[in-house]
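*Asks:* So the chains spell out like this:
Number of protein chains: 2
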Amino acid sequence: MDKIKINVSMAVIRRLPKYYRYLDELVEKGITRISSKEFGKILGFTASQIRQDLNCFGGFGQQGYGYNVRELRDEIANILGLHKPNNAIIVGAGNLGQAIANYSGFRGSGFVLKAMFDINPRLVGISIGDIKIMDIDDMGEFIENTDINVGIICTPKEGAQSVAKRLTGEGIKAIWNFAPTDLEVPENVIVENVQLSESLMVLAYLMNERDRMENAQ
Amino acid sequence: MDKIKINVSMAVIRRLPKYYRYLDELVEKGITRISSKEFGKILGFTASQIRQDLNCFGGFGQQGYGYNVRELRDEIANILGLHKPNNAIIVGAGNLGQAIANYSGFRGSGFVLKAMFDINPRLVGISIGDIKIMDIDDMGEFIENTDINVGIICTPKEGAQSVAKRLTGEGIKAIWNFAPTDLEVPENVIVENVQLSESLMVLAYLMNERDRMENAQ
Chain A
93 MDKIKINVSM AVIRRLPKYY RYLDELVEKG ITRISSKEFG KILGFTASQI
143 RQDLNCFGGF GQQGYGYNVR ELRDEIANIL GLHKPNNAII VGAGNLGQAI
193 ANYSGFRGSG FVLKAMFDIN PRLVGISIGD IKIMDIDDMG EFIENTDINV
243 GIICTPKEGA QSVAKRLTGE GIKAIWNFAP TDLEVPENVI VENVQLSESL
293 MVLAYLMNER DRMENAQ
Chain B
93 MDKIKINVSM AVIRRLPKYY RYLDELVEKG ITRISSKEFG KILGFTASQI
143 RQDLNCFGGF GQQGYGYNVR ELRDEIANIL GLHKPNNAII VGAGNLGQAI
193 ANYSGFRGSG FVLKAMFDIN PRLVGISIGD IKIMDIDDMG EFIENTDINV
243 GIICTPKEGA QSVAKRLTGE GIKAIWNFAP TDLEVPENVI VENVQLSESL
293 MVLAYLMNER DRMENAQ
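If you read the sequences in order, they're chains A and B.
Residue numbers 93 to 309, in the numbering used here, belong to the letters of the first sequence in order.
Residue numbers 93 to 309, in the numbering used here, belong to the letters of the second sequence in order.
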């Protein structure tokens, strides 16, 4: 992937997983090639949007042929780094942490969940599937011995910043954050926030907009 | 809000909740006005991006003054429809459903959770906070009697489509979907998907990209 341009816009990056997901489905259906027009129809994008997005990474299609589905899927997997194993821990083993521990999407994205941590003595010691909930005071040692590089924060809003500080203090440089708060972290630490409230507000907007249009008719 | 243009791009819509969230924090801090430049710094956007986004809805700032923080927050709340109460139910009362039931973000976005439904007899009858888990066979009657307009799907992937069909069959026209699958719904039904796997893949990308840059140095 020598052709990758750095500084691709985040809007394009955020569309790549969708490309990957649909290409993977096409591979499973046995479809070997697809035009940008057909692919756009499936995704709800224009053909030109798709060509423009993929051109950020060097472009993969051929005029008059379209895209080789399997090749494109594998290229995008490569760009996304899905082939690289990443070891993760969850901090906060309540309902949300347990739901995430059961989340089947880890497998396809190269992440492997290694342990969960909590401060609640009633949770420490039990297992979710084959993942053990451990005391948060044992987290530092575990991170060091198990080559953990991702921390998943599933605590309430109030505890999240101190957990982030503990994780980065132990050398963790990537955080998947479910707590509804902006974390302050050292500059070299990546934080990907799952903003449920933003998704809910978008739903509210779309519902409101539909009502407005229906009332205008 | 007569000035609203319809057909604003989804990319702009998806940024509005972030504007709202930060403005709400500024109001709480007692800040009364802000320039697009200062606001951009907080959000990590350019001033021109912010002006362009807000112009889609008529524009609210004044040259040389900036934005009135409280007014802008209230305008955005209005655009997002956050003042409109929406009654919601959760289908799927496992860990994820219970985590969502405890989710504090409902209050600020106009949604009120009224009940949860599941097929598992071991869950039916128990309560999460003051929300009761009911048998899914009682869902139709409940929707009819309680003026429910949003269904939140927290089932595994496999059950999601049949739940969506049941919900829309009962007249539900908006779905917040946590199941990692694309739902097929009638044209007038709004589906907002929470795509955890896409967020995880973006994290993988950013980690991979950082490694690549560090190795190139």
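The reader is advised that the hints may include incorrect statements.
Since copy identity is lost for identical chains, a pair holds within one copy or between any two.
[Unchecked claim] With a cut-off of at most 20 Å between alpha-carbon atoms, the simulated SDA-like pairs for lysine to any residue come out as follows: (1) K206 - S289; (2) K121 - T273; (3) K110 - S128; (4) K224 - L135; (5) K176 - S140; (6) K110 - E301; (7) K133 - T273; (8) K249 - N187; (9) K249 - G200; (10) K110 - L275; (11) K249 - E284.
Rather than coming from a laboratory, the hints here were simulated on the basis of the structure.
Given the structure is predicted, the values throughout are model-derived calculations rather than measurements.
*Asks:* None of the hints should be skipped; say for each whether it holds.
*Replies:* So, going through the hints one by one against the coordinates:
1. In the homo-oligomer, the alpha carbons of K206 and S289 lie at most 20 Å apart only across protomers (18 Å), although the nearest pairing inside one protomer, at 28 Å, exceeds that limit.
2. Taking identical chains as interchangeable, the C-alpha atoms of K121 and T273 lie at most 20 Å apart only when they sit on different chains, with a minimum of 16 Å there against 40 Å within one chain.
3. Within a single copy, K110 and S128 get their C-alpha atoms as close as 14 Å, which meets the 20 Å cut-off; across copies the closest is 32 Å, which misses it.
4. Taking the shortest Cα distances, K224 and L135 never come within 20 Å of each other, neither inside one copy (39 Å) nor across copies (38 Å).
5. Within a single copy, K176 and S140 get their C-alpha atoms no closer than 31 Å, and across copies no closer than 38 Å, so neither meets the 20 Å cut-off.
6. Taking identical chains as interchangeable, the C-alpha atoms of K110 and E301 lie at most 20 Å apart only when they sit on different chains, with a minimum of 19 Å there against 25 Å within one chain.
7. Taking the closest pair of Cα atoms, K133 and T273 come within 20 Å of each other only across two copies (18 Å); inside a single copy the shortest separation is 36 Å, beyond that limit.
8. Taking CA atoms no more than 20 Å apart as the test, K249 paired with N187 passes in both settings, with 14 Å inside one copy and 18 Å between copies.
9. In this assembly of identical chains, the alpha carbons of K249 and G200 lie at most 20 Å apart only when taken from different copies (15 Å versus 28 Å within one copy).
10. For the identical chains of this complex, K110 and L275 are inter-copy neighbours only, at 15 Å across copies versus 26 Å inside a copy, given an alpha-carbon limit of 20 Å.
11. Taking the shortest Cα distances, K249 and E284 sit within 20 Å of each other inside one copy (15 Å), while across copies they are farther apart (23 Å).
In the structure shown, a violation is registered for the earlier hints numbered 4 and 5, in ascending order.
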